[in-house]
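**Student:** One letter stands for each residue in the lines below.
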Amino acid sequence: MKLVAGPAHAWLPLVLGIAALLCLGTSQARSAEPPTDSVYRLDIPLVDQDGQGRHLADRRGRPLVVGMFYTSCHSVCPLIVDTMLATERAISAKHAGGIDVLLVSFDAEHDDPLALKRIVNSRRLATPRWTLARTEPAGVRKLAAVLGIRYRALSDGGFNHSSALILLDAEGHIAAHTETIGTTDPAFIAAIETVLDPPK
Amino acid sequence: MRSAFARSIIALALLAAASVATAAEYATIRGGTFTSVLPADGKAADTRVAPFRLRVVPVTNGEFLTFAETHPEWRRDRVARIFAEPRYLESWAAPDALGDAVLPQQPVTNVSWFAAEAFCESEGARLPTWYEWELAAAADATRLDARSDPAWRERILAWYARPSNEPLAPVGGEPNVYGVRDLHGLVWEWVDDFNALLVSADNREQGDPDLLRFCGAGAATLQQRENYAVLMRIAMLSSLQARDTTANLGFRCAKPLERGIER
Chain F
1 MKLVAGPAHA WLPLVLGIAA LLCLGTSQAR SAEPPTDSVY RLDIPLVDQD
51 GQGRHLADRR GRPLVVGMFY TSCHSVCPLI VDTMLATERA ISAKHAGGID
101 VLLVSFDAEH DDPLALKRIV NSRRLATPRW TLARTEPAGV RKLAAVLGIR
151 YRALSDGGFN HSSALILLDA EGHIAAHTET IGTTDPAFIA AIETVLDPPK
Chain X
201 MRSAFARSII ALALLAAASV ATAAEYATIR GGTFTSVLPA DGKAADTRVA
251 PFRLRVVPVT NGEFLTFAET HPEWRRDRVA RIFAEPRYLE SWAAPDALGD
301 AVLPQQPVTN VSWFAAEAFC ESEGARLPTW YEWELAAAAD ATRLDARSDP
351 AWRERILAWY ARPSNEPLAP VGGEPNVYGV RDLHGLVWEW VDDFNALLVS
401 ADNREQGDPD LLRFCGAGAA TLQQRENYAV LMRIAMLSSL QARDTTANLG
451 FRCAKPLERG IER
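Sequence order for the protein chains is F and X. Reminder that position 108 of the first sequence reads as 108 in the numbering used here, one-by-one numbering, no gaps. Just add 200 to the spot in the second sequence (first one is 1) and you have the numbering used here.
Simulated from the structure, these hints should not be mistaken for lab results. A portion of the hints provided could be inaccurate.
[Unchecked claim] Some chain X residues judged to face chain F by a derived CB distance under 10 Å, without partners named:
1. R275
2. V279
3. R281
4. I282
5. N395
6. L397
7. R443
Quick reminder that beta carbons are idealized off the backbone N, C-alpha and C, glycines included.
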């Protein structure tokens, strides 16, 4: 763009205005609450496979796929990981950087960082892009509630649960949701590509 | 200086008096082995419910108004949309006033699960689990478990048959054997694990759970199919999302047996 020359004093308000906007922008990015319909309004504490404590809302700023699982589950939960790995391969041609993945355990009692780490290692999950995490029982229930995942503890230590992957945009809005597990869901893949590369 | 000091002492005393006066009453529920309509193992096992305390009456409009004043993030004009749909507290005249049509002693309704959880946390409690609620609600005025009595079932079904557009009665109905009131006949109530009941919409699917959607021992299998009243409640709770509210859905809170002792 070619700037039109003019008296210096005519530019001053514009320069000051831009400066003010920039300041406003940075201060808002730091302090403003997430949008009213953002999952990041739920600020539960998480502990990852390395024992690092972070809050759910710390993920704000980058798109994220969230799911729930537990490590002693041998039927569907490995399939959730398989499905996410296959989804990653499908987007890798256009998005070499991939998408962040967060899987939170239903099993607050048994899934400590060590148990989570074992899954990360045995499934060769690419950290730090992949995070397996635990939270306290109240956090499990609230996270499942915002994500629309249904689960119930069984007396044998297992859980009945619905299986879903949920795509959050950078602000924590639910951008897409799939219950297609065991094979990839083309609509979910398209939605991930859209949040990673939004149309201008 | 001195008068300011005296004023703050008086204010503190008043505050303490007010918190004693408004402290919610809880009744002790002896736990035990219980045959729930939802078997604990997804097949047929009985459930063990640890002893706990349950609020004697549902939370009222007056109590929820006080909560919204002290926790303004739960006012209807400030609540995050992800935690409550637009109908949240819609019957109140204003975000900070009940108005003439809404009585302080009526049970609060049009509250989301998130709001109910937050209220219970504010009084050092939580929502009861489904098993806790079902155990307490199995009692009548004289028996711990009245469920096999056809007259008991009919009384509850008669409530379900009443039109739901009439104003709700104030809390404080007849107590059951535990001293808990209004478990039946006033409002539906949120439970902590409402999103866990996993009732298949079609009974024929039971025993053939969709393994790709449900991990574990399979979807819930209902027992006691003649107990329609309880089954209707489960079906209603299962249909909800945590941000939903309805004009007939309220809540009460539960606590561990003794302060500071967790299960």
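**Student:** Compare the structure with each hint and give your call.
**Tutor:** Hint check:
For the restraint placing R275/X at the interface with chain F, the shortest Cβ-Cβ distance is roughly 13 Å, beyond the 10 Å limit, so the hint is violated. Satisfaction of the interface hint for V279/X is found here, the shortest Cβ-Cβ separation to chain F being roughly 8 Å, below the 10 Å cut-off. Hint status for R281/X: holds, given a least beta-carbon distance of 4 Å to chain F, under 10 Å. With a cut of 10 Å, the hint placing I282/X at the interface with chain F holds, because the nearest CB-to-CB distance is about 5 Å.
Taken as an interface hint, N395/X checks out: its beta carbon lies about 5 Å from the nearest beta carbon of chain F, inside 10 Å. A cut of 10 Å between beta carbons decides the hint on L397/X: the least distance to chain F is about 7 Å, and the hint holds. Evaluation of the R443/X hint against chain F yields a held restraint, the C-beta minimum of about 8 Å falling below 10 Å.
Hint compliance for this structure: hint 1 alone is broken.
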